[in-house]
Amino acid sequence: MISENAVSAKPKVCFYWCASCGGCEEAVVDLAENILDVVEAVDIVFWPVALDFKRKDVEAMEDGEILACFVNGAVRMDEQKEMAQLLRKKSKVLVAFGSCSHLGGVPGLANLSDRQSIFDTVYLDNPTTENPDGVVPKMTHEENGRSVSLPEFYDTVRTLDQVVDVDYYLPGCAPTPKIILGAVQTLLSGNLPPKKTVLSPDVALCSECSRKDSKPEDLALIEFKRPHEVLIDEETCLLAQGIPCMGPATRAGCEAQCVNGNMPCSGCFGPTGRVKDYGGKVIAALASMVGSNDEEKIVEILDKIPDPIGTFYRYSMPSSLLRRRRMRTVGSHTN
Amino acid sequence: MREEMNPGVGEEKFEPRIICFFCAWCTYLAADLAGTSRMKYAPNMRIIRVMCSGRVDPQFVLDAFAKGADGVLIGGCHPGDCHYQEGNYKALRRYHLLRRVLTGMGIEEDRFRLEWISASEADRLKAVMNDMVEKVRALGPINSVPRQEVFAEEVIV
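For the record, the sequence lines run as chains A and B. If you read the first sequence in this note's numbering, its first letter stands for residue -18, the second for the next number, and so on. If you read the second sequence in this note's numbering, its first letter stands for residue 40, the second for the next number, and so on.
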């Protein structure tokens, strides 16, 4: 069916962004000369960051007319939810592209706060903000008989699949050119993997890490160190050096780019297939490596990890089992 | 599932639901002993038997809280007594890291406990359970309404 389309007319694809930084759009451009092959094989019918098509152009399409739609970014406002629903309707295959739409991403850490506390900080309390009238965004505003509106800003950031049905996931912050190209080729081949597949190998990152041979069988760490506190050896396993590396709990596919750059894995590819809570797995992995049986000493060693939530859930708070900080406790949160 | 675990919420007296993960070699036997000794303790506990406190994956605890448990209690062997040598120490290390995460997510410290209770300490089990139920009762139900609304809006696939 799909290959017939390719003969008669080029399959249509689109790219869209929700709550994201734009890095995923860069990732598409990072395909370099390979992007020419992609452009040759498909028609890009909607891509707000690069092409001048509008929402009404998408609305005018038939349902299912688009072969594949790649959506990056988390869902933070109702406008993004509406666009996700519209693109879902018009697309045969909807792909969550990048950590934010896959797991919630860095914007998902806003789930430690809520709308009120974010607005207070950004528009009122920030030391560099001057806002004597206390103006904060409102959903509607009327002046001279005309009214303008803004999208609703949610208390809770969500992943794409918490808002619409998603077919495939491309992990990464941002996905690497290799796995993007692999995904595009898979989609164009018509030989589709089972729905809900994360299009990256379902094994831990350690399996493809260049330093795996120096990872000890049993780790007993008496101190956790932060990357800026030590001169990191460029060949030894980072965990063996006491640096919290998320590799053991993270899905492979990026070819250990961060580790090759002498920095620990921060977990952007998310969990492997059978894991329900990425941070829970990191806790299990790291805590087991603590080399003491003395309670006080254990606490002291673990205290060297300064921001457990920001470290373990850097990309996955909205897809975690708890989803967010309990709403009624947000006001007492001081960070 | 979530609704099933939430009867009692909104009734006159709040009865906490506390999920217990008890080691089969010690705390679970203490619960058994408490039963055969006809001891009475707060009926708010739902006990899940595990082979070792070291078997308790942090995901079990997170899942319990996410599905509406008001508290989670892990029971293991006293230090040095683990049937598998080191399992309870692994539980202890995970407990301290997980507790920091839970606190940051707005789950109060009294809702999550790790206790060493041997097979003969039925009295201690009774005291821990009663104490925990009272502390959690004072904290109130865990499921704030807004979070339930967020869950309810999600697409169920």
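None of these hints come from the bench; they were simulated from the model. A virtual CB, placed ideally from N, CA and C, is assigned to each residue, including glycine. Just to be clear, a hint being listed does not mean it is correct.
[Stated by the list, open to error] Straight-line C-alpha distance at most 25 Å; calculated PhoX-like pairs for lysine-lysine:
#1 B:165 with B:79
#2 B:165 with B:52
#3 A:35 with A:70
#4 B:165 with A:257
#5 B:79 with A:177
#6 A:177 with A:73
[Claimed, not checked] FRET-style restraints, in silico, Cβ to Cβ:
#7 A:130 with B:148: 56 to 66 Å
#8 B:148 with A:206: 26 to 36 Å
#9 A:58 with B:170: 37 to 47 Å
#10 B:142 with A:110: 22 to 32 Å
#11 B:72 with A:244: 33 to 43 Å
#12 A:201 with B:72: 30 to 40 Å
#13 A:100 with B:87: 39 to 49 Å
#14 A:189 with B:177: 47 to 57 Å
#15 B:170 with A:254: 39 to 49 Å
#16 B:177 with A:31: 53 to 63 Å
#17 B:85 with A:201: 53 to 63 Å
[To be verified] Here chain B is said to cover these stretches of chain A; the calculated rule only asks that three of the stretch's residues, wherever they fall, bring their Cβ under 8 Å from a Cβ of chain B:
#18 276 to 283
#19 297 to 305
Structure versus earlier hints, numbers of those that do not hold, lowest first: 4, 5, 7, 11, 17
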